[in-house]
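Peer 1: Chains as they are written, first to last, in our numbering: chain A, 172 to 283; chain B, 3 to 119.
Everything labelled a hint here was simulated from the structure, so no lab data went into it.
Just so it is clear, CB atoms sit at the ideal spot from N, CA and C, and this is done for glycine as well.
Misleading hints may appear alongside valid ones.
Claimed, not checked - Label-pair ranges, simulated between beta-carbon atoms:
1. B/S56 / A/T196: 27 to 37 Å
2. B/E54 / A/R184: 16 to 26 Å
3. B/K22 / A/A248: 41 to 51 Å
4. B/P88 / A/E176: 28 to 38 Å
5. B/T84 / A/P283: 21 to 31 Å
6. B/D29 / A/F221: 19 to 29 Å
7. B/T84 / A/A212: 22 to 32 Å
8. A/D187 / B/G18: 28 to 38 Å
9. A/K227 / B/L70: 38 to 48 Å
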Amino acid sequence: GEDVEQSLFLSVREGDSSVINCTYTDSSSTYLYWYKQEPGAGLQLLTYIFSNMDMKQDQRLTVLLNKKDKHLSLRIADTQTGDSAIYFCAEIYGGATNKLIFGTGTLLAVQP
Amino acid sequence: GAVVSQHPSWVICKSGTSVKIECRSLDFQATTMFWYRQFPKQSLMLMATSNEGSKATYEQGVEKDKFLINHASLTLSTLTVTSAHPEDSSFYICSASAPLIRGETQYFGPGTRLLVL
Numbered sequence: 172g173e174d175v176e177q178s179l180f181l182s183v184r185e186g187d188s189s190v191i192n193c194t195y196t197d198s199s200s201t202y203l204y205w206y207k208q209e210p211g212a213g214l215q216l217l218t219y220i221f222s223n224m225d226m227k228q229d230q231r232l233t234v235l236l237n238k239k240d241k242h243l244s245l246r247i248a249d250t251q252t253g254d255s256a257i258y259f260c261a262e263i264y265g266g267a268t269n270k271l272i273f274g275t276g277t278l279l280a281v282q283p
Numbered sequence: 003g004a005v006v007s008q009h010p011s012w013v014i015c016k017s018g019t020s021v022k023i024e025c026r027s028l029d030f031q032a033t034t035m036f037w038y039r040q041f042p043k044q045s046l047m048l049m050a051t052s053n054e055g056s057k058a059t060y061e062q063g064v065e066k067d068k069f070l071i072n073h074a075s076l077t078l079s080t081l082t083v084t085s086a087h088p089e090d091s092s093f094y095i096c097s098a099s100a101p102l103i104r105g106e107t108q109y110f111g112p113g114t115r116l117l118v119l
């Protein structure tokens with residue numbers, strides 16, 4: 172099946188690091204993505220990682236990929252209140268159309 | 003770059019009417035656009051894949067006669083919800099595929115919130 176799973180909720184204090192986890196199913200995915208959705212808004216692409224990479228760092232964001240376990244994580248360093256949002260991981264499902272399969276979403280709440 | 007717009011941003015309509023939602027890629031050409039639906043507190047569910055100049059491919063369980071998709075140009079796809087009913091109330095989001103930019107990434111529009119009374 173095409174299941175991408177995430178924990179539903181994460182609460183952290185401002186200044187701490189946040190780690191959002193995701194497990195996916197399609198081992199043939201070439202790219203995996205992290206999107207951010209603020210209340211009432213569309214999706215903002217945060218970062219992506221190619222499947223032959225283990226890690227990618229982009230300023231405060233670090234993506235770790237464990238292909239063997241089909242596990243993806245997003246670490247946000249020095250979390251700020253503006254980071255409060257829902258975070259979706261997504262994988263490209265194999266095939267010609269590059270269909271994106273989204274995770275269930277993790278609501279990140281940053282406490283001041 | 004890679005900006006996708008949607009219009010309208012929100013719409014309220016009476017049950018039985020049809021509603022058209024536009025999705026435009028503003029600064030790139032998109033041969034493929036995707037339409038998603040998101041119910042409150044849920045993830046995005048792909049409804050259909052829209053290819054320029056050909057018929058859309060619908061996901062299982064999505065009625066193609068109810069959700070009409072037209073992708074007439076490389077920068078515009080439209081979704082028409084025909085004979086809308088209250089259960090069609092949702093947040094509709096489109097995305098455009100931009101394989102030449104990077105990572106075969108999909109860029110998302112801001113979404114259209116539909117409320118059917």
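Peer 1: If a hint holds in the structure, say so; if it doesn't, say that too.
Peer 2: Hints, verified against the model:
no.	hint	result
1	B/S56 / A/T196: 27 to 37 Å	holds (29 Å)
2	B/E54 / A/R184: 16 to 26 Å	violated (48 Å)
3	B/K22 / A/A248: 41 to 51 Å	holds (44 Å)
4	B/P88 / A/E176: 28 to 38 Å	holds (30 Å)
5	B/T84 / A/P283: 21 to 31 Å	violated (47 Å)
6	B/D29 / A/F221: 19 to 29 Å	holds (24 Å)
7	B/T84 / A/A212: 22 to 32 Å	holds (27 Å)
8	A/D187 / B/G18: 28 to 38 Å	violated (51 Å)
9	A/K227 / B/L70: 38 to 48 Å	holds (40 Å)
Of the numbered hints given earlier, the model fails hints 2, 5 and 8; all others are met.
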